[in-house]
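Undergrad: If you want the building blocks of each chain, they are given just below.
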Amino acid sequence: MNVLSGKIASVAPSGDLSLVKVDCSGILISVILIDTPDTATYLKVDMPVKLMFKETEVIIGLGSTHQISLQNKLDGPVTRIEKGELLSKITIQSEAGAISSIITTNAVNQLGLEVGTLACAMIKTNEIMLSE
Amino acid sequence: MIVAALHKKLWSSEGEMNLEVEFSLEKGDFLTLYGPSGAGKTSILRMLAGLLNPEAGSIKVDGKTWFDANTKTNLPPQKRKLGFLFQDYALFPNMTVGQNLCFALSKGQNAQIVEELLDIMELRAMTDRKPDLLSGGQKQRVALARALVPQPEILLLDEPLSALDGEMRSRLQDFILEAHQRFNLTTVLVSHDVGEILKMSDTMLVLYEGKILKRSTPADFFSNKAVSGKFQFTGEILDITQQDFIFVISVLIGKNLVKVVADESDIRNLKIGDKVLVASKAFNPMIQKL
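Respectively, the protein sequence lines represent chains A and B. Note that the numbering used here gives residue 99 to position 98 of the first sequence, counting from 1, and the numbers run on in steps of one. Note that the numbering used here gives residue 117 to position 82 of the second sequence, counting from 1, and the numbers run on in steps of one.
Just so you know, these hints were derived from the structure itself, not from any lab.
Here are the computed distance ranges between Cβ atoms for each label pair:
1) B:Leu312 with A:Asp47: 24 to 34 Å
2) A:Val4 with B:Phe138: 51 to 61 Å
3) B:Ala317 with A:Pro38: 11 to 21 Å
4) A:Asp17 with B:Lys116: 41 to 51 Å
5) A:Asp17 with B:Asn53: 40 to 50 Å
6) B:Lys310 with A:Gly64: 36 to 46 Å
7) B:Leu212 with A:Glu96: 47 to 57 Å
Not close to chain A: a few residues of chain B, all C-beta gaps over 12 Å, as computed:
8) Ser47
9) Glu55
10) Gly85
11) Ala104
12) Asn109
13) Pro128
14) Ala139
15) Gln147
16) Glu157
17) Glu194
18) Asp200
19) Ala214
20) Leu287
21) Leu292
22) Lys310
Glycine included, every Cβ here is placed at the ideal spot set by N, Cα and C.
Bound conformation, chain A alone:
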């Protein structure tokens, strides 16, 4: 599991949902939750929170100018690659912290990923959990 620390920068509730933006070392990460400041009291600006998401939900791209719906894009160099027969684990050192991703080994080969490659880790807003 990837864990990043940050503090809440904004909360936009609508019905039962909220779009929460979390500031992780200056990078804003968006999270959608089935909670509002009424149901979860910690949803307040400046509250410290942890962001949690699985390695298997992190998408890897090259460059950072993708026309893509994903809101959370974190650039950084690849610092580690572990290749298995089917799956590989890539670690990217982003400004928000180290992020691991598990993608197919075929994808690693197609993208030509190596240690040092500048890559972009992307996470959908609905794949991130918050923890107080």
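Put chain B on the given structure of chain A with help from the hints.
TA: Relative to chain A, chain B alone:
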């Protein structure tokens, strides 16, 4: 309504401890006492039952004084209208199920209640059997029925189901809940099982070293403010297998075996037999009509 103020010096494995608790319960409440061993849970049950006397304080039930240290009032256990169920069934081995229940009738009490309980607890088919021939779950059902024969107003449960396996436990919980509702009981349960506490009780006291740390609803206490995911279950790890750097963890949740893919960093502190929280966001699961 129960109003209790219980003060007593106790000796636990950790040494001396001052039990100091005050609480009240409405008729029909289902309360769980929760806390580590040595927190005073069983002592509280024993004081309510009259098996252990507080040094100071009082117990009043529906305005009647059961115990008062100041006036030296102390109603004996048999005059307190309560039933007690322990982990140990304590059935008479030489008596049949029916005889075990009848033995609990008080003098002059109508035996109709025994018939009613045999039906409610689904014991009819084993009325003439002796306890030795029953399974653990059946024995505990008999013990529960027997505790209800004197038609108590308060039911005290001291980890009564902790020796039973998951499915049996769940059935017994249903029987206890049915009895609680049908006889309009006020029930106090000692339990460590989170699922059980959430299912059974509407309020809980969190105890630590003889003091009440918190009074809360189980949903609030256990609602895992820890993570925001709305798809959360607790389970037990049955197996961990590794494929390259990926770990597949088999977790028993209730009666269902589920598998969770985990990273090396997740499994560092995990071993087979551990209780774990399995969480996902409400966005992920698919739902289909069966």
